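Based on the hints, put chain B in the right spot on chain A.
Number of protein chains: 2
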Amino acid sequence: MIRHYVIGNPIETDSVVMSIPAEEGEIPGFTSDIAAKTLRCRMDCEDVVYGLGETVRGMNKRNWLYISNNTDDYMHTEGKHSLYASQNFILVFSPQRAFGLYVDTPGKVIFDLGYTDPDVLVIDFDDFDANLYLVQDSTLSGIAHEFRRLVGRSYIPPKWAFGYGQSRWSYRTAEEVKTVADRYLEEGIPLDSIYLDIDYMDHYKDFTVNEQAFPEFADFCTKMKKRGIHLVPIIDAGVKIEDGYDVCEEGKKADYFVKDEEGNDLVAAVWPGKVHFPDFMKPETRKWFGEHYRVLLDQGVDGFWNDMNEPAIFYTEKHLSQVFRRLDEFKGQNLDIDSFFEMVSLTGELSNNPEDYRSFYHTYKGKLYRHDKLHNLYGYLMTRAAGEAFRKLCPDRRILLFSRASYIGMHRYGGVWTGDNRSWWNHLLLSMQQMVGLNLCGFLYSGSDMGGFGDDTTEDLMMRWLEMALFIPLYRNHNAKGNRFQELSEFAHPERFRPIVELRYALLPYIYSEFMKAALRDGMYMMPLAFQWQDDRRAVETEDQLLVGESVMIAPVYRQNAAGRYVYLPEDMKLLRMRSWKDYDEIRLSKGDHYLRAELGETLIFIRKGHVLPICRPAENTASLDYSTIHYVCNEGKPENYELYNDDGISAVTDLQDHILK
Amino acid sequence: MIRHYVIGNPIETDSVVMSIPAEEGEIPGFTSDIAAKTLRCRMDCEDVVYGLGETVRGMNKRNWLYISNNTDDYMHTEGKHSLYASQNFILVFSPQRAFGLYVDTPGKVIFDLGYTDPDVLVIDFDDFDANLYLVQDSTLSGIAHEFRRLVGRSYIPPKWAFGYGQSRWSYRTAEEVKTVADRYLEEGIPLDSIYLDIDYMDHYKDFTVNEQAFPEFADFCTKMKKRGIHLVPIIDAGVKIEDGYDVCEEGKKADYFVKDEEGNDLVAAVWPGKVHFPDFMKPETRKWFGEHYRVLLDQGVDGFWNDMNEPAIFYTEKHLSQVFRRLDEFKGQNLDIDSFFEMVSLTGELSNNPEDYRSFYHTYKGKLYRHDKLHNLYGYLMTRAAGEAFRKLCPDRRILLFSRASYIGMHRYGGVWTGDNRSWWNHLLLSMQQMVGLNLCGFLYSGSDMGGFGDDTTEDLMMRWLEMALFIPLYRNHNAKGNRFQELSEFAHPERFRPIVELRYALLPYIYSEFMKAALRDGMYMMPLAFQWQDDRRAVETEDQLLVGESVMIAPVYRQNAAGRYVYLPEDMKLLRMRSWKDYDEIRLSKGDHYLRAELGETLIFIRKGHVLPICRPAENTASLDYSTIHYVCNEGKPENYELYNDDGISAVTDLQDHILK
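In the order they appear, the protein sequences are chains A and B. Numbering follows UniProt numbering, in which position 505 of the first sequence is assigned residue number 505; successive positions increment by one, without gaps. Numbering follows UniProt numbering, in which position 508 of the second sequence is assigned residue number 508; successive positions increment by one, without gaps.
Just so you know, these hints were derived from the structure itself, not from any lab. As the structure is a computational prediction, the values presented were derived from the model and not from experiment. The beta carbon of each residue, even a glycine, is placed where N, CA and C say it ideally should be. Please note: incorrect hints may appear among the correct ones.
Stated by the list, open to error - Lysine to any residue pairs mimicking SDA-like chemistry, simulated, CA-CA at most 20 Å apart:
hint, chain 1, residue 1, chain 2, residue 2
1, B, K318, A, Q333
2, B, K287, B, L297
3, B, K318, A, V344
4, A, K253, A, E242
5, B, K331, A, K80
Unchecked claim - Just the calculated beta-carbon pair ranges, DEER-fashion:
hint, chain 1, residue 1, chain 2, residue 2, range
6, B, A652, A, E490, 35 to 41 Å
7, B, A652, A, M75, 54 to 60 Å
8, B, N334, A, K365, 31 to 37 Å
9, B, T179, A, M75, 46 to 52 Å
Just chain A, with the same shape it has in the complex:
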């Protein structure tokens, strides 16, 4: 059951698709304080809190303070309170009670989940205007399902988007892209996509291609696609200010950009230097911007990633000139602890500065809104612009689309990746744990940069990351400029990676089936053990294992130099210790605790009792997978009872039953 409450006078975010009449009075279990702009709720010592999407720390969010305030931050350490997304749904439960709460408000919200006082949950608003939805059910999966019905069906990408993808900031020429593809072919490692980061563009101008570096781009796309490789270009939020650049000129003319305090188009800067930002709050801006994706669609592109849409701002023109003026004041001084750090912070705090976010305006239904009041919607609405355009431009075809910034509601238009993570073992674990919050908030198609975006990776980290992520929908290796190359073909021992990526393809019939069932039935694809065993305290406390669909539990090795790990089984299961798709041990394990060896190159996959796992012969890409080679590994389950889903991988799907193979 869902109950709706309204505080103040909230703005419509379109994140909810059901219309539920609002009730009067306090939300059961909470007390509100209008002066303090807070909601408070006592927590039992056994309460667990899930949710909040792609935030830092564990699956259980308790004992930390999270701030919904979309932020371009490239250091995702435990000390951070905000990342790129605001996904304001929490699920609180203990053996005594369970409820979900969705806080629908586009400004800053603080979730103090026992940070100030371990026994108290406080939700703290910048503006006390919000739609609140209390979701009640006796089970966690019931709450998750109810909430997903409230916010609408999750985005479904084309099937090839579940294949292995290779990315780097940046492949600068078509020749480089071709070399990457060639090297994967030489090493016999499957590959479905190569991502184009900002350097494919002409001077970082959205919807352009650098003709020198990528001559005859349409032709190149076609050639790559014939090899089974999809090119996925990046699109940024900021529009370069340049005379003669159509997107800029159209936007200025039609008044599509956000305004500064004087009512002029805001001048801020990102990759190309000075840009204007589209005002995605206006439906006409979304329509206009969305239609520009056609430029690339027409050249054969069928996937995009939307970036820098918090929006990230290197600087605003106004702030930058202030900084230069102030820097002059420090010249010739004896700079000590105070003045030195003040001087350094002048440039250090230029980017993504809160003051800048308070200095420009959107127009929504004829009214002006200061940006910070709606800040968390920006990436959502940019992605909505693209998603709505695709539905018009190619109504029968699925286009890959995911975004860095997000808000609930965006999950209907695209997926997310978790931004600029690092080549850290603790980020391998984090990226697994983030799947819980993301799935709960409707972002089924999501994933993190495997191997880590920032810093230098190692061969063992890369292997373990590929193993951990075997079932994660977005299976992409991405890496930043200046760091060690992490294309799998470029390590000392490329052959060590092949069996792992092949295994991903062998598991694709299962991954795709379970993903589609979760999406089309408003269910969870990846979930914590608590979703099956909410009365088993040990299961609830397990933070390094996940359920995937109906049959599988994963328990990855996420520590450097470990050759095994402990696993908790809430029931008897069958372990597959897999060295490749065809070389594996099958071991029956009983309920309880186990230490299991898993050397580098060995992945532990568990099959639940009464269930089966289809395994297919791998192929060089998703399109070449041959479902007739599927065999089933069973744990007292029957293959004929398994709903194996398949489709052409591209057409829009509405009815699940049409595609269950019998």
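Chain B only, in chain A's frame:
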């Protein structure tokens, strides 16, 4: 057995105290490449590498690249290669072989322990000049012992330095310090020391006290000491440039400072702004600087921490003026991805800049040496200056001394703390794992800032950190300006901390006994399980448990919201699940794997078979501990066989046997 090899023409670092004739030829197992300035060695897949002191990542250093290059870095993430110390001893072992290698050279050295190729260990030198010591023995503890004999006996602090210490950057007045002490007293939490960070000084001038903020400092010291609380002021490496400031004037006059390229005293900046750096390579500089500690000793201080001695450099005068000139060039431009980040990096790269380290000079035995060639010795020699002075100024008394930067050899003069860590759960684990490398390199008296120095801590993290560190010699809570206060008295539930700190005091008879035995017998105090069970692969792979002395194994909980953990027992042990020094469960556990509950506030301590653990009634400080209240918890061991050590806690100790209580 220790074998000595010489490469090139190394400088004498005084880190070794034994004279071992050098052999000719290659080091067994290694090949050297003079052109590439490298030593290489194949690694078996089972090889484990310990050592390298306070570096990032796990106990087993394999599969990462470590650079010995003392660095003031406040973000100790997994991606880092250098921290504050260079402790160039590694211990490589597998069931087939074991050896230690000490690389004694004061410049930059890279230890590529399987980073480039997982199967190869490479040591890469900036200058191919080094004394190399190969340490061979059949056991790991044998190798550790031999090495420690080579480098000399570890520093021993006064006994009160094992008590609980409270620190913050900074307590700015005597009144604040008194309030901290009062609050601990009110809450009934034991306390032995309060640390004074930089703000106790008069304008950050070494060996001064701000008379306004700390009037009648000697009197204040005495009063605090009467309450059982020792004040521990910080000393920085840089000497403020100021007319009339004695330390500066003496140094200039007697030519004690390092020189720039023109032969003038280098002008660099740290806290006070412009400073000169003492040239600690000169024995006369060390003598002079060391004697200045007397200013504070005479006022009743009996402990110091030496900081910023990598040395940290905010900027040099020359570099800063270049930066201001270059910043001007960016004015009025459209700053894009390249120019914007170039501009920002100008100020961002001012501090600790490699070019600055190549721009000044030391004098050693009459010859000039460019700083970077000797860089890693600086903190060691500053601390040696203090340590040598204390031996003269108060020969019969132990003075607490530890340092941030270090090099092997310094372990004879002082301990270390691991610098600016963070309030992160993964730093709780890191700080435990760092004890292995530190002990192996002779730094027995060491520890990390409990609760984390940077970022905001939480009540549960603070509790778990205090639990984890119960046996760590330096038991100090330290925290940075701008972060949440983390004095234990200031949390929502101070009473939850009391039993943990009391337990520390109850365990002090054991901690002190085992520490002194390790120090005086050149043994390990904290060590990985491999030191007892090197043929037990599971024990060797265990990275989150430690042995402490002869009786104890620890297995802390280091994950947020965990209520227990897995533990591997290489032999039968007795578990104490301790809620306080007198409230605990005693449980016999058999060899193998166990999942053990440990709720917040419960600490798991294991007693090895045939051993005992003395437990004392806690007191408000170490001086008040009453050894007559000791009781023994036994696991088939006899109290009468346990060597319980005690002494007056202050006098210099040479003979262990004199202080074994029978």
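Verification of the hints:
no. : hint                        : in the structure
1   : B/K318 - A/Q333             : 13 Å, holds
2   : B/K287 - B/L297             : 16 Å, holds
3   : B/K318 - A/V344             : 17 Å, holds
4   : A/K253 - A/E242             : 13 Å, holds
5   : B/K331 - A/K80              : 33 Å, violated
6   : B/A652 - A/E490: 35 to 41 Å : 58 Å, violated
7   : B/A652 - A/M75: 54 to 60 Å  : 46 Å, violated
8   : B/N334 - A/K365: 31 to 37 Å : 35 Å, holds
9   : B/T179 - A/M75: 46 to 52 Å  : 34 Å, violated
Violated hints, listed in ascending order, are 5, 6, 7 and 9; each of the other numbered hints is respected by the structure.
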